[in-house]
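J.: Note that the protein sequences, when read in sequence, are chains R and H. The opening residue of the first sequence carries number 1 in my numbering; numbering runs sequentially from there. The opening residue of the second sequence carries number 1 in my numbering; numbering runs sequentially from there.
Think of the hints as simulated: they come from the structure by calculation, not from any bench. Beta carbons are placed, not taken as given, at the ideal position from N, Cα and C, and that holds for glycine. None of the hints are false.
To give an idea of the chain H side of the interface with chain R (calculated C-beta under 10 Å), a few residues:
id, residue
1, 9
2, 48
3, 91
4, 95
5, 106
Straight-line Cα separation of at most 20 Å, EDC-like style, residue types lysine to aspartate or glutamate; simulated pairs:
id, chain 1, residue 1, chain 2, residue 2
6, R, 71, R, 5
7, H, 62, H, 86
8, R, 99, H, 57
9, H, 15, H, 85
10, H, 62, H, 85
11, R, 63, H, 102
12, R, 99, H, 102
13, R, 55, R, 67
14, R, 3, H, 56
15, R, 99, H, 68
16, R, 99, H, 56
17, R, 17, R, 84
18, H, 44, R, 5
19, R, 59, H, 102
20, R, 63, R, 15
21, H, 15, H, 63
22, H, 44, H, 86
23, R, 57, H, 102
24, H, 71, H, 56
25, R, 99, R, 52
26, H, 71, H, 57
27, H, 44, R, 9
28, H, 44, R, 39
29, R, 55, H, 102
30, H, 44, H, 68
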Amino acid sequence: SQKIEQNSEALNIQEGKTATLTCNYTNYSPAYLQWYRQDPGRGPVFLLLIRENEKEKRKERLKVTFDTTLKQSLFHITASQPADSATYLCAFGGTSYGKLTFGQGTILTVHP
Amino acid sequence: EAGVAQSPRYKIIEKRQSVAFWCNPISGHATLYWYQQILGQGPKLLIQFQNNGVVDDSQLPKDRFSAERLKGVDSTLKIQPAKLEDSAVYLCASSLGRGRGEQYFGPGTRLTVT
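Take the sequences, apply the hints, and build the full model.
T.: Rendered as structure tokens:
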């Protein structure tokens, strides 16, 4: 069966460092993936989308990569700030109608 | 522009009771989604509407859950009867069209079944 796994439940880093979050998938061939941020008590907020024919996408301090050979996506936040502390969700899509399958999320805490 | 609206924000019911959630998507968004998010997990799609037609309801427990989207705008999700394992946050999301675009989520309804 399809499986999506984010590498760790929690990641703690110091302010100013680069946070790297991993999302792996098995038994699946996604056409694209998305990353969302979720704060406590709120719904997820879209951050980035990357398609299967794209290796890398950037937006301000955010960078996402998509390796279909390794079946993995990496999400980087450079020069991290305490305000970046949140849960980050990866989501894969492979249907024409936009269905997303989410990972379980990684809780990122950036310490001052 | 106004975001996705959901109500109520919180609901506590006893098992075997029924409950309904309401969602108003962003104006002009044709696609509407209902997700269930259990604590510590990612959102799981329950049902997806394209306008007022169902596109995917493969993970909706149809013996107890139902959803409708009349006139292709607002939507309601109902649980009847509720079980303890239905305790979760129910998220509504919408997107502009049918396809691979970003989804806009509402704040969710936190349901506790006792």
